[in-house]
Structure formats: C-alpha cells, structure tokens
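Asks: Once you've looked at the hints, dock chain W against the given chain Z.
Chains as they are written, first to last, in our numbering: chain Z, 83 to 448; chain W, 451 to 1062.
Hints were generated in silico from the structure; no laboratory data involved.
Calculated pairs, DSBU-like style, for lysine-lysine (alpha carbon to alpha carbon, straight line, at most 30 Å):
{"no.": "1", "chain 1": "W", "residue 1": "Lys897", "chain 2": "Z", "residue 2": "Lys195"}
{"no.": "2", "chain 1": "W", "residue 1": "Lys897", "chain 2": "W", "residue 2": "Lys932"}
{"no.": "3", "chain 1": "W", "residue 1": "Lys908", "chain 2": "W", "residue 2": "Lys941"}
{"no.": "4", "chain 1": "Z", "residue 1": "Lys172", "chain 2": "W", "residue 2": "Lys932"}
{"no.": "5", "chain 1": "Z", "residue 1": "Lys303", "chain 2": "Z", "residue 2": "Lys390"}
{"no.": "6", "chain 1": "Z", "residue 1": "Lys206", "chain 2": "Z", "residue 2": "Lys153"}
{"no.": "7", "chain 1": "W", "residue 1": "Lys897", "chain 2": "Z", "residue 2": "Lys216"}
{"no.": "8", "chain 1": "W", "residue 1": "Lys932", "chain 2": "Z", "residue 2": "Lys208"}
{"no.": "9", "chain 1": "Z", "residue 1": "Lys268", "chain 2": "W", "residue 2": "Lys897"}
{"no.": "10", "chain 1": "W", "residue 1": "Lys932", "chain 2": "Z", "residue 2": "Lys195"}
{"no.": "11", "chain 1": "Z", "residue 1": "Lys208", "chain 2": "W", "residue 2": "Lys897"}
{"no.": "12", "chain 1": "W", "residue 1": "Lys893", "chain 2": "Z", "residue 2": "Lys195"}
{"no.": "13", "chain 1": "Z", "residue 1": "Lys137", "chain 2": "Z", "residue 2": "Lys400"}
{"no.": "14", "chain 1": "Z", "residue 1": "Lys195", "chain 2": "Z", "residue 2": "Lys401"}
{"no.": "15", "chain 1": "Z", "residue 1": "Lys343", "chain 2": "Z", "residue 2": "Lys298"}
{"no.": "16", "chain 1": "Z", "residue 1": "Lys216", "chain 2": "W", "residue 2": "Lys893"}
{"no.": "17", "chain 1": "Z", "residue 1": "Lys153", "chain 2": "Z", "residue 2": "Lys172"}
{"no.": "18", "chain 1": "Z", "residue 1": "Lys216", "chain 2": "W", "residue 2": "Lys932"}
{"no.": "19", "chain 1": "Z", "residue 1": "Lys172", "chain 2": "W", "residue 2": "Lys897"}
{"no.": "20", "chain 1": "W", "residue 1": "Lys941", "chain 2": "W", "residue 2": "Lys893"}
{"no.": "21", "chain 1": "W", "residue 1": "Lys526", "chain 2": "Z", "residue 2": "Lys401"}
{"no.": "22", "chain 1": "Z", "residue 1": "Lys172", "chain 2": "Z", "residue 2": "Lys195"}
{"no.": "23", "chain 1": "Z", "residue 1": "Lys303", "chain 2": "Z", "residue 2": "Lys268"}
{"no.": "24", "chain 1": "Z", "residue 1": "Lys206", "chain 2": "Z", "residue 2": "Lys195"}
{"no.": "25", "chain 1": "Z", "residue 1": "Lys419", "chain 2": "Z", "residue 2": "Lys208"}
Which chain W residues stay away from chain Z? Per the calculated CB distances, all over 10 Å, these:
{"no.": "26", "residue": "Gly563"}
{"no.": "27", "residue": "Phe572"}
{"no.": "28", "residue": "Phe599"}
{"no.": "29", "residue": "Trp603"}
{"no.": "30", "residue": "Ser625"}
{"no.": "31", "residue": "Lys696"}
{"no.": "32", "residue": "Val790"}
{"no.": "33", "residue": "Tyr806"}
{"no.": "34", "residue": "Gly812"}
{"no.": "35", "residue": "Gly895"}
{"no.": "36", "residue": "Met1018"}
Label-pair ranges, simulated between beta-carbon atoms:
{"no.": "37", "chain 1": "Z", "residue 1": "Val278", "chain 2": "W", "residue 2": "Lys893", "range": "44 to 52 Å"}
{"no.": "38", "chain 1": "Z", "residue 1": "Phe202", "chain 2": "W", "residue 2": "Val984", "range": "29 to 37 Å"}
{"no.": "39", "chain 1": "Z", "residue 1": "Gln280", "chain 2": "W", "residue 2": "Val984", "range": "40 to 48 Å"}
{"no.": "40", "chain 1": "W", "residue 1": "Phe826", "chain 2": "Z", "residue 2": "Glu279", "range": "56 to 64 Å"}
Think of the CB as a built atom: it goes at the ideal place given N, C-alpha and C, for glycine as much as any other residue.
The lines below spell out each chain.
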Amino acid sequence: MVQFLLGRRRTKFLLSGILLNTLGFMSAGPCFGGGKDKIPNVVNVPELLLPGGRKLTFERSISDQRDVQAKKGFWKKVLDVVAGDPYYHKLVRPYGVVSDSHGRIIVSDPGAKGIHIFDFAAQKYKFISRIENKEAALVSPQCITVDAQDNIYVTDSESGMLFVFRADGRFERVIGSLKKGEGYFKRPTGVAVDSVEQRVYVTDTLRNKILVMDMKGSVLKTIGKGGTAQGEFNFPTELLLQGDNLLAVDAMNFRVQVFRKDGTFQYAIGQPGDGHGMMFRPKGIGMDSEGHVYVVDGVSSLVQVFDKDGNLLYYFGKKGIAVGDFQLPAGLFIDSKDHVFVADMQNRRIQEFHYFGAPGPAGARP
Amino acid sequence: MGLSTRYRGWLLLSIATLGLEATAKAQVQVGSDVQLNLNGSLAAGYSASYGDNFPSGHGFTYGGTADLSGSYYDPKFLSFHVNPYLNQSRENSNFQSITSASGVNAGAAIFGGSEYPGWVNFSQTFNGSGTYAVPGLPNYVANGDARTFGVGWSELKPNWPLATVTYQQGTSDYSVFGTNSTSNVHYKSFGANVSDIVAGFHLNGNYQHGDSHADYPQLISPLYPSKFDSNNSTFAFTGSHSIPWKGNASATFTHSDYAYDSGLSNGSGGINSVEANAGVNPSPKLTLDANMYYTDNLIGTLYQRILGAGGAVISTPGSSSSSFSFSGSAVYTINDRWRVIGRGDHRVQTYDTGSYASNSFGGVVSYVNVLRGGVFNFTQNVMETVFNYNGQSQLGLTTAIGYSRSFGPWNTSGNFNFFENQQTLLVMYQNSGYGYSATLGRKVGYKSYWSLGASGAKSLYNNQSGWGYYNQNYTMSLTSHKIGASANYNKSNGNGLLAGSGVVPTPLPGPIIPVPELVYAGESFSFGVGGQPVRRLTFSGSYTRYKSSTSAPSQYSNNTGELATFYMQYAFRRLYFNAGYTRIFQGFSGTGVPPASANSYYAGISRWFNFF
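Bound-form chain Z, shown alone:
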C-alpha cells in the first residue's frame, strides 16, 4: 500500500488493488471506488495489471490553473487571506487534449471558449482566448494537435476554421476563413499535422471527408465520401497520424478506419453496439508504443483498447465522478512515453494514466 499526493488538493489516496477492468485476460472484474455524490477523501487509485507484466496506472487529475502552481510562500498565503484567492482558470468542458515536446498539456475547452496550457515543468499556466476577435473568434474549440515546432492547431466547429497558435500561445494564423460566403469547412473537427511532409489533415464532419492541405491551407486532396463502405464515412470526427497510418473515427459507422497517409484504406476496427468491444459513441483515439489503439466511448464512459486486428484487449473506466471514472469523456492523447490523457468532459478534468508496456529481456520497459 502506497500513499502519494494527488494534485492541488493533496488528498491522500491509497494505491491498492486492481481497479481497471479487463476483458478476457483481465485480472479483476469492474470495480472502481467512489460514491455517487462526491469524490471521497480516500479512494482506490486505478491500476490495471495486464498479462506480460504490462500495467496501466492512474497518474493525476488536472482541473484548473492551480494544479501547475508551486507551493505558496508565507507572504502569498497572507495575501490570499487578506485579499482572497485570485481568479483561477478552470476546465469547463474540456474536449481535446495533447501534449507537446516539452511535456506541456494543452487542452481545448469549448465551455471556456479557449485553450488551456498547463506547463508543469515550468509551473506556468496560460489561457488562450480569441472570443472577442470578431474577424476570427475562437468560439468552440474542438480537436487539438501540435506540430514538430510545438505550434498548436485547433479546430473550431462553430466558426468553421482551423486556428494555428505559436508554442507560446500567440496567434499565428487561421485556415478556413470564409471566401465568398463559403469556407473550406462546414464543420471541422479532427486535425492532424505531418511536419515532415508539411501536410495538415482535417475532418469535415458534415461533408464526410478528410481534407489534406498544405501548411497554408490549400486543399491538395480529399479522402473519403459519405457512405458505409470501406473508405467511406458517416460523420467522421477525430484524426490521429501515427507513423504512416492515418486513423479516423467514423462516428456514425461506429468504427475507426485506418488509412495510409495517401488515403489508401488499410483496415477498420469496431462494430456498432453498446457491449464490450463494440462502439456506441466513439470519440478520441490514440495509439501506444506497442501499437494498441485506444478508443474513447463517450456514452459508455470508458476507454477500450484494441490490437491491430480489432480484438479488444481491455478497457478501463465507468460512469462516475471518482478517480478513474468518466462522464462523457471526449479527447484522448498518448505521448511518446505512453502517458495516456483523457478529457473527462463532464467531470471538468483531464485524467492522466501511464501505460507500462511489456518489460524487455532485462526487465526494462520499452
């Protein structure tokens, strides 16, 4: 049993037991701690033990600006007592999440109409807002990604534009501004950037297409069309560019389609349904270092993990407010060190997990 501190609240949690659900080879049944009404002071921190020495552990929860701040000194505490706490930005309805090369966690928040940047290393926080800019207002930021220079790309489904910000948060440019009354996008959602080939991929959900553009926003080609066949879409949403693979969530066909970057269809994962291994409301996607595909299911409030053949390996999460629970989860991101970030939208937080792959011959993990 291990005690550790979790986030700003310094609530003591106990690390014990197996709390993530696995299917088939899972080591315990579904059981997350936590009551229905409020987060209890002591809960079991999720840890999933998987075959081959793999495991997935809960790392931390991020809900507001205070989570990145250093411990306050005496005079700051005095100032807090005399003048009250300063205003802290909070996650309102986090939707998309990404981590850049510096480990900063960047969250799109349509509820706050902006983007949160949590820099834990530097203990700094920044909020990006452009709601007052009438020419290019950031109204409903959705999916978010970064390029090799840590420039931030975020789609806005309401204004129909793709916003690009520099790594320091300064506005860079916008792609998809209206031209003669019609924009590039009807409803841009998913976004992925290929820094090597200088390409930007954006899903236009209402057009059932993925647009492939150069970095200036000129459309070079499109992938897909409306339909149910392979390579066709029915309201595509999230995108993930992983190596030579382009993964797209085909939301209303209840599957994830995998293409080559040139648009060639490779394979698909998922089938409709609300049972385990099925997709009901697929949202965010990610891929870990072992090539497992993580798919968030918004309504079922869980994350399902598939292998490349579409077999369900395990899942974690259930509907609730306790640690490891989700309520309408949306975006998901996995960084190069297999940290798994899930935008727990209705719980107004980002939950970070850590996946430990199979140990190497000497016990080292990849």
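Replies: Chain W in isolation, oriented as in the chain Z frame:
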C-alpha cells in the same frame, strides 16, 4: 502607544472574519436538516458631506451586505433568504440609493414541491432614496423609510379547484429633498382567486380588496387635499367555454364597492357590470369577434380609474349613470402582407341627466412588406360615428406608417402615427394627436456604435381646450468596447393628478372628473458615462438637470433639480477599492423654502467573503 480598545476590537474582528473566510468555503449543514450559504461584503471608508440646508460632517464610516440563503429538510419543503445591507449608496457600491440606505430583504417559500405551496416576504429600508414623479421627466429625489410585507398561499391539488390567496401591506414615510414637507403612503391589499373546469366550462372567481392612505407633500397648492383615504373591493366571476369554429365564448360579472375621504369630501358607490365576449375562427384567415358590455355606474368606473392611479377625488358622484355597448369585428388576413378589419359598435351612455348614444362603423387595412431593402408597414383606420344626441356625424382617422432599413453602415428607422376624433370612454369626448419616433445609428471604427433617437407624442381632447399631454425625447449614445456614453433631453407638459408618488398623468378628461386641476410642464437634460477602461477598473457617472412647473388654482410652483453621481471601483481579487461623489440640488418655489443642496464624497475599501 497602544491601540484603543475600540480599534483593538475591530482588528480582532477583522482577523477573525478573515480566518473564518479562509477556512470555511462550503455550504454549511446545521444538524441534519438545515443547510445554509452565506456570503457578503464588509466595507470601511471615509466620507464627508456638506451643503446648504443640509447638515455637514465627515468621518469614518462602515457598511456591508450579506446574502444568507438556505433550506430546511429540502429546498422544496422550506427555502429562505435574508439579505441585510448597511450604509449602501451609489457612491460606495452598486446600490442605486442616493442616500446611505440600510435595511433588509427577506423571503421564504414553504411546501414549494407540494400541492399547497406558500410564500412570505418582507423588506425594510431605512434612509433609502425614493422618487417624486413628474410625467415624462426624471424623478425628483425623496428619502425616507419604507416597509413591505406579503404572504401568499396556493392550493394546487389535482382535480380540485385551484385556489390562491395573497395579502400585501406596505408603508412609506418620506420627505422630498429640498422641502420641509413629510409624507407617507400606506396600503393593504387582499386577493383571492379560485378557478376550476366543470363540464368544459372554465370558471374563475376573484376577490380583491385594497385600502390606501396617503399624506400628500404640500408642494403644489394648499387647496389640494393634504390626505386621502380610499378603499375598494371587487368581486368578479368569469365563465368561458369553447364553441364551434375554434372559438371561445366568455361572460364576466363584476361587482365593486369603493369609498374615499379626502378631507374636503367623501363618498362611496357600488358598480355592477356584465361583459360577454365571443370569438370564432371559421377559417384560418378569418376571425370574428363580438363584445357586449353593461355597467350600472359609468361614473363610478371613472372614479375607480382615478383612485387606481393614486389620485384624489374631491367631490361626490352626481346623478346615476350607466353604459351599454355592443361591438363586433371581422379580421381577414389576405396574405402575409395584407390584412383588413371591419368594425362596428353601438354605445348608449347615461350621465349628467342626459343620454348619449352613438353608432360607429369602419374598417382597418394594414400592410407590411420588404421594400427597397427595408421593412415597411402601414395601417389605416377609418371610423364613421353618428351621434344621436345632436344628429351629427364625425369621421375618425388613424394612420400609422413605419419604415426601417440600413443604408450601408447606417441603420435607420422611422415611425409616425396620426389619430383624429378617436372615441374615448365617454361618447361625448374624442381626442386627436400624433406620435413619432426615429432612430439613426452606425458603427464607428472597429468596436464602437453611435446612435441618435427622437420620439414624441401629443394627445388633446377635442372641444376641451388645454386638456391633454405632450412629450418629446431626444437621445444620443456612443458605445465602444470599453466605454459607453449617452445624453438625453426630455420635454413634457400636460394635465396631471397629484398622487402619493408624485404627479401622474390624468387618465380621463377633466370636465367630467372631479379632480383638482393641475398642469405640469418641464424639461430635463442628462448625460451619463461608464465602462471598464482597463482591467479591474470600472466607473460610472451621470449628471441630470431638470426643471418643471406645476400650477394649480391660486398656486404656481417652479421646481428645479440637479443630480450628479460618480462611482469608481478597482478590484483586486476580492478586495474592492471604492470612491464616489454625489451632488444633489433641489428646490420647489411653491413651498416657500429655499432650495437645498448636498455634496458628499466617499473613499473606502470593501472585501467580499464567501463564508460558507
């Protein structure tokens, strides 16, 4: 040198308060059933005031507000709120009182989730600012104490008649700034309503009773009554039922009793009236309506209108009176743009020992359409009325025309209406007049908008020279991203009544109504500015200058006033640095008292707490 006992106490209280706020920031549960929330602000500062006919002084002052809310067992069982405030005014907070007001507002709802919900509310204000009205102009400033209390209860049981009972009472003791006159207004009212549906009939019974007392400020004329008492009771019963052709028919019987005592006269009366309505929609484009109304005391209904407006009646009703009317109309919608209405009515009225009857026929045509990029609307009403008591006929006209559209960056709109020989409540009286309004605005720069507006209206009673009203208003505003400013000019004159709340427009032509004659005229100019020029800093300021005259038999009064307020606030976390200034100047020549002026300043700091 150590702190005095008084300041040590304040220091300890402050530290304890800060500590409480720092440690308790959530809803508090008292026992197992009571849940409480409390937040509020505490303020301290320095204020100074001086003026003519006004006590001067300066020194430290304190104040604050609180918001205590909670519930017992469940919010649907009992919920309540209490909001006390201390020394709040325009110069130290967002309160709108010109004087430093203190008091409390409180209310509770019980059994809110049941079939028998009830409520009660209470408010008490000390040294609050009130108003003394002149129609069409900014209010003169008064200050005093006021208290209200209300309670109500409903029965909402399914399949039972729905019932609601309410009781309200209030009192206000005030003085108009710049006079040595004090006044008060007291009222009590009781109401009960029962409704049910029986065999498809919607039935409703209603009872209202009100008592009022007013001591009028002696600003106008010593011939005016100094006090006025009145009471009124009304019982009404309504039944309605749907009829073929998607129609509805209803009938209402009403009985009222009223009584008044002005010191100069007193009287009482009873009124019975019956009204029946029927309307059908034989086709989607056609609506037919018919109305019948009878009252056995026409003059009594006019008295009630005066009493309802708060005015005093100074003579008793004369001979008996009655009124009967029957009217019908047909509305036909030709298309989205055109609509025509045909109307007719027959009226018979008896008062002043005479009988007066009329027959009217006419129609209305209205048109609305998009025209040259704007929206155009036009309405023309023509009514021919034949009076049987003199054999003459009269043509009544009403014309209304409006247009709005944008010309490039300019947004414009204009409306004009003209009416002539319009029938009033009494067959013998008609009125004529016009009204207009126009707005012009455009975007200025990137985030600013400028607008200009003008409006006016005039209404006169035919053959009753000097009775009517006229007002005009001009306004201009400029709003930007961070700051807004506006200026306003008003001018008005007409016939009015003296009421406890000031001068109110007369609701009826004078010759038939035994009210003290009062003519008012005045004009005012005001401008205001406010905004948030930089983050955390807000400010607002206004200046109003107003003057008017009120004339009554043997008395004429020139009234003038000036009010300037400024308030700024800088917020740092939950600390607020406040500063404000107020200047008021007001005088009434009819009182024989010199005008009074007062200037006051405030600078202080307040802290908002979320206690629990």
